[in-house]
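In order, the protein sequence lines correspond to chains A and B. Going by this note's numbering, the first residue of the first sequence is number 1, and it counts up by one from there. Going by this note's numbering, the first residue of the second sequence is number 1, and it counts up by one from there.
Zero decoy hints are in this set.
When chains are identical, the list treats them as one kind, so a pair holds in a single copy or across two.
Within a straight-line C-alpha distance of at most 30 Å, the following computed DSS-like cross-link-like pairs (lysine-lysine) qualify:
| # | residue 1 | residue 2 |
| --- | --- | --- |
| 1 | K22 | K50 |
| 2 | K88 | K22 |
| 3 | K22 | K54 |
| 4 | K100 | K22 |
| 5 | K52 | K88 |
Derived by calculation from the structure, the hints in this document are not laboratory data. Since the model is a prediction, treat every value here as computed from it, not as a measurement.
2 protein chains.
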Amino acid sequence: MYEGVVQDLIDELGRLPGVGPKSAQRIAFHLLQADPTDVRRLADVLIEVKAKVKFCTVCFNVTEEDTCRICRDPRRDPSVLCVVEEYKDVVAIERTREYKGRYHVLGGAISPIDGIGPDQLHVRELMTRLADGTVTEVILATDPNLEGEATATYLTRMLTVMDLRVTRLASGLPVGGDLEYADEVTLGRAFAGRRAAQ
Amino acid sequence: MYEGVVQDLIDELGRLPGVGPKSAQRIAFHLLQADPTDVRRLADVLIEVKAKVKFCTVCFNVTEEDTCRICRDPRRDPSVLCVVEEYKDVVAIERTREYKGRYHVLGGAISPIDGIGPDQLHVRELMTRLADGTVTEVILATDPNLEGEATATYLTRMLTVMDLRVTRLASGLPVGGDLEYADEVTLGRAFAGRRAAQ
Chain A
1 MYEGVVQDLI DELGRLPGVG PKSAQRIAFH LLQADPTDVR RLADVLIEVK
51 AKVKFCTVCF NVTEEDTCRI CRDPRRDPSV LCVVEEYKDV VAIERTREYK
101 GRYHVLGGAI SPIDGIGPDQ LHVRELMTRL ADGTVTEVIL ATDPNLEGEA
151 TATYLTRMLT VMDLRVTRLA SGLPVGGDLE YADEVTLGRA FAGRRAAQ
Chain B
1 MYEGVVQDLI DELGRLPGVG PKSAQRIAFH LLQADPTDVR RLADVLIEVK
51 AKVKFCTVCF NVTEEDTCRI CRDPRRDPSV LCVVEEYKDV VAIERTREYK
101 GRYHVLGGAI SPIDGIGPDQ LHVRELMTRL ADGTVTEVIL ATDPNLEGEA
151 TATYLTRMLT VMDLRVTRLA SGLPVGGDLE YADEVTLGRA FAGRRAAQ
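Input sequences plus hints: build the corresponding full structure.
The structure is reproduced here in structure tokens:
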């Protein structure tokens with residue numbers, strides 16, 4: 001329906017996650033009218049991101065160097081390792097400024113339906129990292145959903161044979177939320193994990 | 001918070017219409033993991049669209065040539081001219097396969113609050129096109145909202161002094177909708193525009 005290259009642009013935009021056909025059209029029309037230098041800047045950063053961004057050879061975090069900012073930082077405690085699914089989880093945890101240890105990014109979660117098992121994740125590299133005994137605590141910070149829980153359960157089984165403290169993030173009521181709106185599973189976890197009032 | 005170029009990408013994506021900070025992050029993370037050739041194709045089409053896409057010198061429709069497909073088509077009736085706000089309106093009308101005349105794309109609608117008056121639209125070019133008397137009917141197909149109505153009213157006043165039939169698209173109930181969900185203005189227009197039952 002659209003002129004050739006306009007249709008190509010709509011098609012490419014429509015492949016992005018969360019961009020439906022209507023949004024793709026809307027973005028394409030915006031770009032048609034946009035300043036060419038703005039569009040050029042977007043195109044350039046797309047190319048640049050693929051050229052520059054690599055994965056840390058130690059923890060698989062995103063980096064522009066061989067190792068990431070956190071692995072290079074001598075102030076980060078090498079005895080605590082937080083295992084997450086994705087780079088964005090690292091960013092979320094860093095935002096809290098609570099955690100001073102290091103990370104290991106698995107690159108996803110175990111999901112048999114999608115054909116993702118431990119071999120598709122950086123599990124082997126995790127085991128290698130733990131071999132020298134520097135790490136004394138592993139915090140499993142996978143997502144609190146089916147795949148994340150399966151991954152944490154799998155890793156717990158692998159790690160308990162080693163001389164390590166293995167912990168999970170607490171489940172419970174989100175701060176700032178209303179108790180009445182919490183789902184049953186979350187509320188159940190909040191009860192199970194109740195602590196002495198101070 | 002993110003590594004330099006990743007943050008740049010999130011910023012650029014966040015400038016697109018309808019893409020909020022969370023969507024921009026989501027798209028960026030998708031692109032980080034995507035096949036480099038896919039990302040390259042998106043970057044290329046962005047550059048290509050700005051290089052190739054021009055506006056028809058006659059009707060201001062989008063085209064890759066000097067004049068658009070519709071203006072070049074000798075089967076299109078040159079005596080009927082449909083005035084629309086944007087290229088996407090041309091596409092929407094073409095999709096109906098009902099209209100056999102030509103178009104004039106204004107490039108927007110009159111909106112004093114945004115500083116858009118007739119001089120910012122292709123109104124002067126419309127008048128020039130109408131001067132030779134080829135066009136005998138002008139259909140005003142601006143959006144049925146405040147700005148579109150203001151534009152249609154303005155154009156009606158300009159065009160009634162010329163020897164032309166000036167028409168507006170019918171307002172009324174959308175086909176397939178429920179009467180009870182129609183807003184009052186639409187329902188009022190549907191009453192005002194009622195026709196003899198056949």
